[in-house]
Amino acid sequence: MPIFYGTEVRSRLFLGTARYPSPAVLAEAVRQSGTDIVTVSLRRETAGGRSGGAFFELIRELGVRVLPNTAGCHSVSEAVLTAKMAREVFSTNWIKLEVIGHQDTLQPDVFGLVEAACILAGEGFEVFPYTTDDLVVAERLVEAGCKVLMPWCAPIGSAMGPQNVPALRAMRAHFPDVPLIVDAGIGRPSHAATVMELGYDAVLLNTAVAGAASPAAMAAAFAKAIEAGHAACHAGMLEPRDMAVPSTPVIGKAVFT
Amino acid sequence: MTYIVNGETVESAAATLSELLSALDYEGDWLATAVNGELVHREARNAVRLSDGDRIEVLSPMQGG
Numbered sequence: 001m002p003i004f005y006g007t008e009v010r011s012r013l014f015l016g017t018a019r020y021p022s023p024a025v026l027a028e029a030v031r032q033s034g035t036d037i038v039t040v041s042l043r044r045e046t047a048g049g050r051s052g053g054a055f056f057e058l059i060r061e062l063g064v065r066v067l068p069n070t071a072g073c074h075s076v077s078e079a080v081l082t083a084k085m086a087r088e089v090f091s092t093n094w095i096k097l098e099v100i101g102h103q104d105t106l107q108p109d110v111f112g113l114v115e116a117a118c119i120l121a122g123e124g125f126e127v128f129p130y131t132t133d134d135l136v137v138a139e140r141l142v143e144a145g146c147k148v149l150m151p152w153c154a155p156i157g158s159a160m161g162p163q164n165v166p167a168l169r170a171m172r173a174h175f176p177d178v179p180l181i182v183d184a185g186i187g188r189p190s191h192a193a194t195v196m197e198l199g200y201d202a203v204l205l206n207t208a209v210a211g212a213a214s215p216a217a218m219a220a221a222f223a224k225a226i227e228a229g230h231a232a233c234h235a236g237m238l239e240p241r242d243m244a245v246p247s248t249p250v251i252g253k254a255v256f257t
Numbered sequence: 001m002t003y004i005v006n007g008e009t010v011e012s013a014a015a016t017l018s019e020l021l022s023a024l025d026y027e028g029d030w031l032a033t034a035v036n037g038e039l040v041h042r043e044a045r046n047a048v049r050l051s052d053g054d055r056i057e058v059l060s061p062m063q064g065g
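Chains as they are written, first to last, in UniProt numbering: chain A, 1 to 257; chain B, 1 to 65.
Worth flagging that the hints you see were computed from the coordinates, not collected in a lab.
Predicted, not measured: the structure shown is a model, and the values here were computed from it.
Some clues are possibly wrong.
[Claimed, not checked] Here are some of the chain A residues that sit facing chain B, going by a computed Cβ distance under 10 Å:
1) 44
2) 204
3) 207
4) 243
Every residue gets a Cβ at the ideal spot worked out from N, C-alpha and C, and that includes glycine.
Looking at chain B on its own, in the form it has when it is part of the complex:
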């Protein structure tokens, strides 16, 4: 399936958000995720099934003012 991850097109067989994160080598307890503009809590990533064309944001801490 095709997903848009942080604005980039990604082809992946992953069916859930957890699987997609693993497939793309995302790890760590510092990530926040959203699918189609809605927050997906850490503990819900296993349960969230993705659909073709879903827009996924993966954010992490960075410096800010």
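Bound conformation, chain A alone:
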């Protein structure tokens, strides 16, 4: 199974915890997905509020590892402070680093991302950067200390699936030894299978599961697709060809005329 910053995980599916109809539905989706890593976030707590505590308790009961994010941060300083506050709450050095550069596309600000990754890696964080499929940016992130890369395959929540398969393939080829996780843009299990067939180590999902009519059933479907794609990648797939090739041998075929 894949190893991220020295930790071996039992699932190739990272599941987001947002946008579920209820905490019970979220819990069932986590169980059905088989995941042992969920993403979480931090928000302002109202005075006297207990909502964060209730959610924290739910996550603890699920017995999964958490990957806190810096979602919604648009500047390096915001992302760095949020990461530090997340470490305080969740007692983990893992951080899914998001520095958002564009309000509509939620495209990462890759310049800010590299800068924030450098600062956080220097402070002992184990950074999972939400990035694009740009190889030069990815190289800078690795130089900054990232030992995992998380390229998008389409905008967050868009459900469009892989928009640039050659770029994802190039990233896999360019970083054969860096664990790669596709984060953002997956809409259905076939999308997840596709990126796993390309040799990716894992997939991070949220809306595709949380927004399904039955999140628990969709979580189970994704788990199967991800395993299938991973197994196929290592089973040696045929390359497509232009001409038909008969699957049934023609030698020894009867001649009736």
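Assemble the complex: chain A is given as a structure, and chain B must be docked to it using the hints.
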């Protein structure tokens, strides 16, 4: 004194971050705090004396993708 807590103006006699959190009925081991953009560790909240106009953030876990 006047503090800005999570973007809201708050009048309080609290002199330390711990006192302010108690006065505002914040409790639990799941909170993270920052004063003027700097993280304040849980164990340092007693020692951090606040000044008029300080900006305080109090965050807690929530769902995320």
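Which numbered conditions among the earlier hints are violated in the structure presented, ordered from lowest to highest? As far as the earlier hints go, only 4 is violated by this structure.
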